[in-house]
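Undergrad: Taking the hints into account, I'd like the entire structure generated from these sequences.
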Amino acid sequence: MKAALRTQRKTGNMLPGPFSFSALLVLAVFFASPALAVNSSSVLLINLHYDRGEITYKDKLVKCGYAPDYRIQPGEGYVAELRGQKDELLYSFTFEVPTKVVAEISDPLFKKISGGIITLNTTDFVLQFPHFSDAKEVVVLNPRKFKVMGVSLQEEQFVPQRPAWWWLLLLLLLVIAACLVYRHLKKEE
Amino acid sequence: MAGKAQAFERPLMYYVFIVISVAVFLFGYKVVSDWSAANEKLDYTHVANTLAKLIKQSSSDSLGTTEEHTIAMPVGVDRLCLVDRNKAISPFVSCLLNLELEKFEEKNIFFSPFQGFDPLQLNGFELYEKENPLCLKSTRGKVPLTFTNRGKNTVVSTFDGTKKSSDCVTVLFNAQPENALDIVFLGYGYKDGDEFAKDVKKQVNLFLGIEPFKTNKEKLNFYRIDRFDDVGCTMENWISCDEFQVKTIASFCPNDFVVVLASRSRIRDALRPIRSSAVSNMAKINTADNELVLLHEFGHLFGSLGDEYVDENYYLDSGLKIADFPNCGDPGCSKWKGANGTGCFKGCSLSSFFRPTKDSLMRSLSVPDYGVWNEKILAEKLSLYGGKP
Numbered sequence: 080m081k082a083a084l085r086t087q088r089k090t091g092n093m094l095p096g097p098f099s100f101s102a103l104l105v106l107a108v109f110f111a112s113p114a115l116a117v118n119s120s121s122v123l124l125i126n127l128h129y130d131r132g133e134i135t136y137k138d139k140l141v142k143c144g145y146a147p148d149y150r151i152q153p154g155e156g157y158v159a160e161l162r163g164q165k166d167e168l169l170y171s172f173t174f175e176v177p178t179k180v181v182a183e184i185s186d187p188l189f190k191k192i193s194g195g196i197i198t199l200n201t202t203d204f205v206l207q208f209p210h211f212s213d214a215k216e217v218v219v220l221n222p223r224k225f226k227v228m229g230v231s232l233q234e235e236q237f238v239p240q241r242p243a244w245w246w247l248l249l250l251l252l253l254v255i256a257a258c259l260v261y262r263h264l265k266k267e268e
Numbered sequence: 006m007a008g009k010a011q012a013f014e015r016p017l018m019y020y021v022f023i024v025i026s027v028a029v030f031l032f033g034y035k036v037v038s039d040w041s042a043a044n045e046k047l048d049y050t051h052v053a054n055t056l057a058k059l060i061k062q063s064s065s066d067s068l069g070t071t072e073e074h075t076i077a078m079p080v081g082v083d084r085l086c087l088v089d090r091n092k093a094i095s096p097f098v099s100c101l102l103n104l105e106l107e108k109f110e111e112k113n114i115f116f117s118p119f120q121g122f123d124p125l126q127l128n129g130f131e132l133y134e135k136e137n138p139l140c141l142k143s144t145r146g147k148v149p150l151t152f153t154n155r156g157k158n159t160v161v162s163t164f165d166g167t168k169k170s171s172d173c174v175t176v177l178f179n180a181q182p183e184n185a186l187d188i189v190f191l192g193y194g195y196k197d198g199d200e201f202a203k204d205v206k207k208q209v210n211l212f213l214g215i216e217p218f219k220t221n222k223e224k225l226n227f228y229r230i231d232r233f234d235d236v237g238c239t240m241e242n243w244i245s246c247d248e249f250q251v252k253t254i255a256s257f258c259p260n261d262f263v264v265v266l267a268s269r270s271r272i273r274d275a276l277r278p279i280r281s282s283a284v285s286n287m288a289k290i291n292t293a294d295n296e297l298v299l300l301h302e303f304g305h306l307f308g309s310l311g312d313e314y315v316d317e318n319y320y321l322d323s324g325l326k327i328a329d330f331p332n333c334g335d336p337g338c339s340k341w342k343g344a345n346g347t348g349c350f351k352g353c354s355l356s357s358f359f360r361p362t363k364d365s366l367m368r369s370l371s372v373p374d375y376g377v378w379n380e381k382i383l384a385e386k387l388s389l390y391g392g393k394p
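Going down the list, the sequences are from chains V and E. Mapping of the first sequence onto my numbering: residues 80 to 268, in sequence order. Mapping of the second sequence onto my numbering: residues 6 to 394, in sequence order.
Source of the hints: derived by calculation from the structure; they are not laboratory data. These figures come from a predicted structure and were not determined experimentally. Treat the hints with care, since some could be wrong.
Now the in silico label distances, taken between C-beta atoms and shown as ranges [said to hold, decoys possible]: (1) V:Q233 with E:F350: 53 to 63 Å; (2) E:G348 with V:K165: 53 to 63 Å; (3) E:D165 with V:L168: 32 to 42 Å; (4) E:G121 with V:K226: 36 to 46 Å; (5) E:T55 with V:L168: 45 to 55 Å; (6) E:G121 with V:L252: 50 to 60 Å; (7) V:L168 with E:K326: 24 to 34 Å; (8) E:G348 with V:L168: 24 to 34 Å; (9) E:P278 with V:Q152: 32 to 42 Å; (10) V:S193 with E:K363: 13 to 23 Å; (11) E:V37 with V:K265: 31 to 41 Å; (12) V:K226 with E:L213: 53 to 63 Å; (13) V:K226 with E:E110: 21 to 31 Å.
Even for Gly, the Cβ is constructed at its ideal location relative to N, Cα and C.
TA: Right, dumping it as structure tokens:
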């Protein structure tokens with residue numbers, strides 16, 4: 080969230096005030112091109128939990144940084160997909176749930192190594208995607224290509240901050256009230 | 006009539022009073038905000054003026070003279086970043102700074118947190134190529150700088166290297182990340198950044214000294230992250246880390262593979278041994294282990310290689326199949342039959358499986374050599390990376 084959701088500067092001489100800033104954002108949203116916008120310097124991390132075949136969502140984060148390029152993928156396994164606003168495929172890769180941990184011990188003196196694979200029933204793991212500003216959902220398909228989980232990314236979209244209108248409204252109400260009392264008083268006279 | 010008017014006069018007075026109070030409050034708020042903004046502006050002007058003055062002063066010194074100065078920063082600034090727009094700028098020093106550089110194409114002085122402070126533009130200075138951008142941590146509101154007269158320009162650097170700040174330190178950069186195998190090192194349990202840097206350098210040298218990485222080094226990039234935040238590691242029987250925390254930090258660098266070096270003394274480890282481990286695209290290495298253990302674990306991660314030693318306590322009931330590992334075969338060794346330098350040796354994870362070479366890094370840590378067959382498998386994977394540009 081660090082980079083993607085930044086709003087405005089404290090002493091922004093280059094940026095207009097909060098009202099016109101919001102107006103510009105609204106205009107920008109209206110006139111935005113529907114083309115895919117990939118921000119290569121941001122990464123989306125999805126934290127998941129695996130428990131005996133069941134995958135559940137834990138947490139997500141969009142931050143400035145890099146995602147792996149996934150040049151090496153298992154031939155078969157789970158598939159992670161990043162879907163866009165019209166459900167189009169933006170990015171995908173195949174992965175194995177990391178339940179097989181190789182844990183080994185080495186002897187610094189005799190240079191022997193021993194140990195092996197430990198299979199976990201339950202573990203947390205992370206899926207990393209390059210951040211697409213128009214991504215709608217992360218979908219996980221099991222090895223038989225059935226959707227086993229979806230994570231909505233809608234709330235990641237930027238929501239412009241509403242300007243503080245309350246004090247203007249209060250002032251207006253006070254002025255109207257004062258005028259009414261004054262008029263009433265005049266009438267009475 | 007007069008009584009009625011009097012009765013109405015009082016609330017009118019109240020309303021007028023409230024309106025005036027609100028107006029005074031709003032006016033006061035605006036005055037205070039403007040005054041505060043002006044003060045910040047004054048701070049900026051002060052920093053810009055001081056830097057400009059010192060650069061000018063340095064240019065009047067004799068050629069090669071270096072002056073050391075400590076510059077005061079505006080309140081709230083935790084880092085000062087200088088950028089030389091005329092030289093190649095490293096994209097790894099600060100990810101957030103990269104966004105600012107795109108946004109403010111003319112500016113070359115940046116203050117972190119970037120969203121809170123406007124950048125500035127200053128002329129007449131340059132940076133060393135290896136220090137571009139130069140980001141320095143502000144300690145007690147001050148940053149240490151040096152100004153060296155290099156004739157045409159003044160070179161700005163620092164006299165306190167410990168104040169340099171970088172999200173991602175490039176240890177060895179050979180190719181653009183999209184064309185390279187990017188390996189990033191994180192530290193756990195280190196008290197000293199120098200010790201971590203030394204351990205990383207040792208591991209990188211081991212990588213570069215062994216085939217097939219030795220002849221493919223133009224495809225390898227190595228980075229380290231010098232922040233020792235809690236990566237959520239525990240050392241019970243083996244090193245286990247919070248993957249979300251590790252990958253959040255690791256993502257500051259290009260990260261096809263992540264290595265967590267867990268600092269541990271050999272004496273402590275002799276009393277209570279902790280296993281190094283490999284899973285997914287992440288290796289967790291106990292530094293008290295043999296130094297070649299990372300290459301062994303990387304053989305698992307990168308090449309999907311199996312262990313060529315036999316440990317049936319682990320493997321007998323694991324449902325292991327010959328097809329699981331490219332370097333373990335049937336008694337006929339059909340997988341590598343006829344390949345130069347290979348044989349058919351009994352024992353590869355299980356005693357009923359066979360391996361291609363008598364000894365290799367996947368069997369013991371006595372030879373810094375994967376063996377011809379394993380080298381071939383790793384080289385095939387490396388061929389997926391194009392290297393430069």
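Undergrad: Indicate, hint by hint, whether the structure satisfies it.
TA: Against the structure, the hints:
1. V:Q233 with E:F350: 53 to 63 Å: Given about 57 Å between the Cβ atoms, the range holds.
2. E:G348 with V:K165: 53 to 63 Å: 57 Å, holds
3. E:D165 with V:L168: 32 to 42 Å: 50 Å, violated
4. E:G121 with V:K226: 36 to 46 Å: 42 Å, holds
5. E:T55 with V:L168: 45 to 55 Å: The hint (45 to 55 Å, Cβ to Cβ) holds, given that E:T55 and V:L168 are roughly 53 Å apart.
6. E:G121 with V:L252: 50 to 60 Å: Because 35 Å falls outside the window, the suggested range is violated.
7. V:L168 with E:K326: 24 to 34 Å: 33 Å, holds
8. E:G348 with V:L168: 24 to 34 Å: Given about 47 Å between the Cβ atoms, the range is violated.
9. E:P278 with V:Q152: 32 to 42 Å: 34 Å, holds
10. V:S193 with E:K363: 13 to 23 Å: 18 Å, holds
11. E:V37 with V:K265: 31 to 41 Å: About 38 Å separates the Cβ atoms of E:V37 and V:K265, which means 31 to 41 Å holds.
12. V:K226 with E:L213: 53 to 63 Å: 44 Å, violated
13. V:K226 with E:E110: 21 to 31 Å: Since the Cβ atoms of V:K226 and E:E110 sit about 44 Å apart, the hinted range of 21 to 31 Å is violated.
The structure fails hints 3, 6, 8, 12, 13 (numbered hints given earlier, in ascending order).
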